[in-house]
Each structure stands twice: as C-alpha cells, then as structure tokens.
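First residue of the sequence shown: 15, per my numbering; consecutive thereafter.
Hints listed in this document are in silico derivations from the structure and should not be mistaken for laboratory results.
Watch out, some of these pointers could steer you wrong.
Within a straight-line C-alpha distance of at most 27 Å, the following computed DSS-like cross-link-like pairs (lysine-lysine) qualify [said to hold, decoys possible]:
#1 Lys287 to Lys338
#2 Lys240 to Lys287
#3 Lys257 to Lys287
#4 Lys366 to Lys340
#5 Lys242 to Lys287
#6 Lys366 to Lys316
#7 Lys340 to Lys368
#8 Lys268 to Lys242
#9 Lys16 to Lys242
#10 Lys287 to Lys366
#11 Lys155 to Lys107
#12 Lys156 to Lys107
#13 Lys366 to Lys398
#14 Lys338 to Lys293
#15 Lys366 to Lys422
#16 Lys340 to Lys287
#17 Lys156 to Lys111
#18 Lys368 to Lys293
#19 Lys398 to Lys296
#20 Lys296 to Lys338
#21 Lys368 to Lys413
#22 Lys16 to Lys111
#23 Lys366 to Lys242
#24 Lys316 to Lys268
#25 Lys398 to Lys340
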Amino acid sequence: MKVTLIFPGITDCGFNCRTGNEGTFINHGLCLLSACLRRKGHAAELIDLRRLRGWDHFETLVRQRDLGIVGITMMSCDFEPAMKAAEIIKRNKPSTKIVVGGPHPSILPGEFDNDSRVDFIHIGEGEISFPELVTDIETGKKRERIIKSIQPNLDDIPFADRELFDCPEEPFVPYLEPPFVTIIAGRGCIYNCNYCQPAERMIFGRGVRRRSVANVIAELRGLQTKFKFNSMMIHDDCLTEDKNWVMEFASEYKKFPLGQPFVAQSRPDLICKNGNMVKELKRAGLLLFIIGFESGSNRMLKFLRKGTTVEQNLEAAEVCRRNKIKIWANYMLGLPTETQEEQLETLEMLRKIKPYHSSPAYYTPHPGSDLFNYGAENNLHILKDHSAYRRNVYEPKIKGVDYVFLEKILRESVALAEDQQTVKGKARRFVPLDIRKKIKKALNLVGFFR
15 MKVTLIFPGI TDCGFNCRTG NEGTFINHGL CLLSACLRRK GHAAELIDLR RLRGWDHFET
75 LVRQRDLGIV GITMMSCDFE PAMKAAEIIK RNKPSTKIVV GGPHPSILPG EFDNDSRVDF
135 IHIGEGEISF PELVTDIETG KKRERIIKSI QPNLDDIPFA DRELFDCPEE PFVPYLEPPF
195 VTIIAGRGCI YNCNYCQPAE RMIFGRGVRR RSVANVIAEL RGLQTKFKFN SMMIHDDCLT
255 EDKNWVMEFA SEYKKFPLGQ PFVAQSRPDL ICKNGNMVKE LKRAGLLLFI IGFESGSNRM
315 LKFLRKGTTV EQNLEAAEVC RRNKIKIWAN YMLGLPTETQ EEQLETLEML RKIKPYHSSP
375 AYYTPHPGSD LFNYGAENNL HILKDHSAYR RNVYEPKIKG VDYVFLEKIL RESVALAEDQ
435 QTVKGKARRF VPLDIRKKIK KALNLVGFFR
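All chains, full assembly: derive it from the sequences and hints.
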C-alpha cells in the first residue's frame, strides 16, 4: 500500500525554502518510517511543505495523487500547518486515512480527541507500530484510534531513507564543508531538566537507547560511499553521557575513510569530568560542541533542575579552548522567576566563556514539560498559537519579563561571539543566517549585523 508522509515544517522558514538548516535538514523520523514501510512491502512518498509554493500548490498535489493513507508528523510549533494540511486532504479526499504522530501528538494526544480531520493518533516511536497499522488498514482490520508505540531495537531497524527528501543537507556554519550529513545515534535523555522533562520520556521512555557503534559506523561508511561527505552532525540531545560508547566511537570514526569534521552536543558537567574523552573526540574530528549553558545564575540552574553549575559552565569552556574545540553556546533569557540581575549574570558568564557562536532564545514553555505546567498554574503564558512553541528571540513568551531589557542583553551577548571571531582574525563576523535574521527582526538593528 502507498503511504504519503507529510513534513509540515514551514513555521520558521515558510514555503518555497531550500536553503539553510531549516530549509534543507531532513526529518529523520520520516526517513526511518519510509525505510521501515518499504521493508514491509509498502511504498512511501513525501510531501515536504517547504518545497511547495503555497497552500494552493499543496491542494493541487492532493487532488492529483492517490491518497490512501497519510502520515503527518509534527512538533508542537508545526500544529497549525499540519492540521491545515489534514483539513485540505479531508476536504478533497475524505476517504483518506490520516495518522498524526511525532512529538506533539505523543505528548498531547487529547488535543485530537474530537478532531474529525484525524483518523488515528500515533504515540511514541513508529518504526514497528506504524507499518503494522498500515497493514491492518490495508487488510481491513479494525484498530483503535490511539496507536501505542512498540519500541524498536535500534540496531534492527533499517538506515534512514534519505532519498525521501530531494534536497541535500547544508552545513549550518561556514567552516563545515559540504557535502554535509546529519545522523542520530540514540534516543532519550537520562537528565531531568524541567524545561524538557517529562515530555521526552513520554516519547522515548526512560533512559537512553543508543545504536551500537558498529551500526552507526556502518551507516556513516555507507553515507561516505554515497555522498562523499566532508562534514557531519550527530543530532543526539547529549552524545556524551556514555563515556565507553563515546571512546569506542571516537576510535572507530577516525579510521579511513571517516574522520571528517563533525558537530555534537554535550553538557558542561560531562565535559568537565571527562577531559580524556573530549581529547579523543577532538582527535576523531570533533570541531564544534553545542553546549546548553542555559544560565549564568546558580539559582536559575537549580530552578531548572539542570544538574550543572556556573562554575562547571566556565570550566567546560576552558576544556574546549584547551582542545581547540569551538563552542556553540545555547542559553535562555526571560525564564520564570529570573531577575534582571540574574540575566546580567548570564551575560557576564558569556563574557568569560567567549563562545564562537552565541545561540540565544527567549524561554519558551513547551507542552509536556514540568516548567510548562508551572507557567500554566501561575498564569504566566502569553503564547497566542502553536507556532509560538519554538525557540526564538522575537516574540514575548511569558508574563513578568521586561523584554525591552532583554533585548539589550541579547544584543550584547550575540556581539560577544562576533567579537571573538574578529579577535581570531576572521575576515567576516559570523552568526548563523537564520539566527541573524530573527535577532535583526527582534531588535530592528539596521547595520548591526554584517
């Protein structure tokens, strides 16, 4: 049976987009579903809203295609375009069975209870349970509206079907050379940050399940043969909590024909405690660490249940500097209960960290997290629609925050990273294009960015 998968990720980049990470990164979840569907004998095709000219173009495609089953993935911020797509499909092809899945339906399945645009709500991972649902629909077997996940052994599922997306992934920083690819080595998180958990556990369960090093290396060797990639990124929320896995990966990755520069994400405490692991990653090709520093206030870090300290933030930055690893600093401004003094502490921390890239965000309450519930209980949220559930710096998120003051902090914090690149003799200051556009829109600073 043919299944049409829909990627509705136009909230940030809009229609007709083929550039930057927002316009070119593949959705690994859909690519894995496609591979699993094909393994079971079904056909899979994609409608990527980013590639379309607009909703009229989408409706034309819907009318032209034979749509038996449609699977729509969605983050919380994708809810509006995802459901508009479902509405157009039902209006034109009412017999089509529409399945919604991904993070938002997994966290808030009740939001779809009385929605006639949706036939099935898939919760959690779909590599096993979604192809089973397709087979049951094909054979006429009756299924409940809620489809519960069957967790797969990650080494048993096929590699992602990257050909589902028609546009090569682009590096998101200029010193990563194309061709560029992204991979995911594991799922889940062992930490308990209140701005994220328990939402992630609702999707992946407790703990981390990671593919074997051999499995990851096999996929990378295949990608090297096919794409001759010159750089890559590992998408895992935190690659480094399992030191033994990381050391084995580093040893295998640097062997021919791999060893291309890569990007990974980590935490300050893990970097501090595992200096030899960081050295091995550097030897293997690690060029950039994306690190969630979050705040320069120990009180706020404790409030966030981050499990780190400002002192560890600073020490982690020093470890990266000693190993000549660039720092991409993620941090939040405008947190619940945060004072202006604590926001200034974050700025002071960044002055000491001297990140290569500053990646700020106004705190965004995300459904399914304990901090979201805290904001709801205290009537803090001022989000107008689902599109506001995205990491950005150009719209207010909660009450009680002086966003005019935050704009000043934002400006100074981003300038710190630019200054570092200038000091290091770079001919051009660099902040990633998507972040630069958003900050420019937020601050209306004509001429501030080059």
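Against the structure, the hints:
no. : hint             : result
1   : Lys287 to Lys338 : holds, 18 Å
2   : Lys240 to Lys287 : violated, 37 Å
3   : Lys257 to Lys287 : holds, 10 Å
4   : Lys366 to Lys340 : holds, 14 Å
5   : Lys242 to Lys287 : violated, 35 Å
6   : Lys366 to Lys316 : holds, 21 Å
7   : Lys340 to Lys368 : holds, 10 Å
8   : Lys268 to Lys242 : holds, 15 Å
9   : Lys16 to Lys242  : violated, 31 Å
10  : Lys287 to Lys366 : holds, 20 Å
11  : Lys155 to Lys107 : holds, 21 Å
12  : Lys156 to Lys107 : holds, 21 Å
13  : Lys366 to Lys398 : violated, 36 Å
14  : Lys338 to Lys293 : holds, 10 Å
15  : Lys366 to Lys422 : holds, 18 Å
16  : Lys340 to Lys287 : holds, 18 Å
17  : Lys156 to Lys111 : holds, 13 Å
18  : Lys368 to Lys293 : holds, 20 Å
19  : Lys398 to Lys296 : violated, 43 Å
20  : Lys296 to Lys338 : holds, 8 Å
21  : Lys368 to Lys413 : violated, 31 Å
22  : Lys16 to Lys111  : holds, 12 Å
23  : Lys366 to Lys242 : violated, 38 Å
24  : Lys316 to Lys268 : violated, 38 Å
25  : Lys398 to Lys340 : violated, 37 Å
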